[in-house]
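Colleague: So the protein sequences, as listed, match chains A and B. Counting from 0, one number per residue, gives the positions in the first sequence under numbering that gives the first Met the number 0. Counting from 0, one number per residue, gives the positions in the second sequence under numbering that gives the first Met the number 0.
In case anyone wonders, no lab produced these hints; they're calculated from the structure. Certain hints may be false.
Copies of the same chain are indistinguishable here, so a pair counts whether it falls within one copy or spans any two.
Listed next, the in silico EDC-like pairs over lysine to aspartate or glutamate satisfying Cα-Cα at most 16 Å (straight line) [to be verified]:
(1) Lys49 / Glu89
(2) Lys204 / Asp2
(3) Lys49 / Asp75
(4) Lys37 / Asp84
(5) Lys169 / Asp143
If you want the building blocks of each chain, they are given just below.
There are 2 protein chains.
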Amino acid sequence: MIDLYVVTDSSLSRGRTDAEVARLAYEGGAETVQLRIKGGDGCSMLSQAKEIREIAYEMGRFFIVNDRVDIALASDADGVHLGQDDMPLEDARRLMGDDALIGISVSNVREAAEAYEGGADYLGIGPIFTTSTKPDAGVAIGLDAIINIRREVPEIPLVAIGGINRGNIKDVILAGADAAAVVSAVVAQDDIRGAAHDLRDLILKIRPHVPRR
Amino acid sequence: MIDLYVVTDSSLSRGRTDAEVARLAYEGGAETVQLRIKGGDGCSMLSQAKEIREIAYEMGRFFIVNDRVDIALASDADGVHLGQDDMPLEDARRLMGDDALIGISVSNVREAAEAYEGGADYLGIGPIFTTSTKPDAGVAIGLDAIINIRREVPEIPLVAIGGINRGNIKDVILAGADAAAVVSAVVAQDDIRGAAHDLRDLILKIRPHVPRR
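Input sequences plus hints: build the corresponding full structure.
Modeller: Now the structure itself:
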């Protein structure tokens with residue numbers, strides 16, 4: 000889970016399938032790929048999910064499905080990522096079992112505490128910076144949100160998301176995020192493998208400088 | 000399953016929730032309500048599904064969820080209805096188990112035979128007539144499609160759908176459908192209960208006149 004978390008977006012991937020993007024991202028060092036398809040049909044989504052699941056398994060990485068618990072179950076993904084408007088955590092947990100990884104999108108301390116108490120395995124905090132990737136992502140909450148959530152909910156992995164790129168990835172780690180999730184900074188690049196590698200490298204290099212909590 | 004099958008559509012229901020529509024449809028005599036929400040979020044869909052599930056249980060009727068196997072599982076629905084582009088039948092069956100009702104949308108004999116052989120519990124055949132309710136429904140396939148599918152796949156319940164109303168419901172039953180599915184002919188009416196009652200009545204009255212197969 001920790002380090003670099005790549006979220007797919009077929010509208011940004013220049014004709015490469017989500018599974019192709021996932022393979023390159025894993026090869027570049029991403030620990031986790033989240034398949035996010037908004038408005039797609041279940042048949043093609045499941046087909047991509049099964050492909051990515053195979054690649055993740057071969058490479059010993061994590062594979063998470065956005066929103067659709069059924070696609071996660073049918074593809075035997077490691078888990079599911081749920082927004083505040085998706086299926087509630089407790090329902091998803093009941094369907095997926097205790098071993099599944101369930102991540103919850105949060106944008107403030109209240110949501111973070113609720114997800115933690117509900118048994119989330121990690122939190123996606125965002126959007127940290129302004130992002131054009133996800134039009135419904137809401138207003139940027141800034142690095143302070145990471146600091147505040149880290150202080151109130153210290154026990155759970157935090158994955159920062161939203162407008163993260165080479166220029167600012169060290170800031171989210173310094174603010175207390177365990178990992179950074181990126182979309183266009185990997186998915187939209189010519190060299191997906193290289194982009195993932197560089198971003199992960201930046202995370203690893205900044206780690207020794209993170210203030211001990 | 001048999002007789003009248005009502006499919007929800009919140010864009011047609013004039014401000015009544017899908018659960019309100021479902022209750023009135025069941026009260027009017029519908030055996031089955033299918034919750035169909037396209038593009039809605041999982042949280043509100045599951046909330047409606049749980050409400051309808053309660054009503055169906057109280058009244059001893061069937062409740063089916065369109066497309067979303069996870070919502071069907073989380074709401075403990077009787078089953079799921081899948082289009083040709085949704086999750087494949089075999090994946091859905093694996094997740095839902097043998098007791099779940101799984102219906103498949105088909106529009107020709109080939110799809111019908113495939114769904115039957117794959118273990119579908121019923122087939123939704125359509126669109127029989129031109130319909131404005133479902134813009135992606137494709138071109139009307141006419142009553143002959145029911146006759147042809149009935150002849151080739153005699154063992155499975157057939158639910159006709161697409162543009163069915165008071166004026167033509169008897170035709171689909173005479174052509175060999177076991178049941179008729181309606182959307183606007185119930186959901187968009189002032190008197191949902193009365194509309195469901197009248198349509199079911201028309202089905203029951205035409206039944207004795209259906210040629211024995």
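Colleague: Next step is simple, just say for each hint if it's right about the structure.
Modeller: Results of checking the hints against the structure:
no.: 1; hint: Lys49 / Glu89; result: between (25 Å within a copy, 14 Å between copies)
no.: 2; hint: Lys204 / Asp2; result: within (11 Å within a copy, 67 Å between copies)
no.: 3; hint: Lys49 / Asp75; result: within (8 Å within a copy, 25 Å between copies)
no.: 4; hint: Lys37 / Asp84; result: both (13 Å within a copy, 15 Å between copies)
no.: 5; hint: Lys169 / Asp143; result: within (14 Å within a copy, 65 Å between copies)
Hint check: no violations occur; every hint is consistent with the structure.
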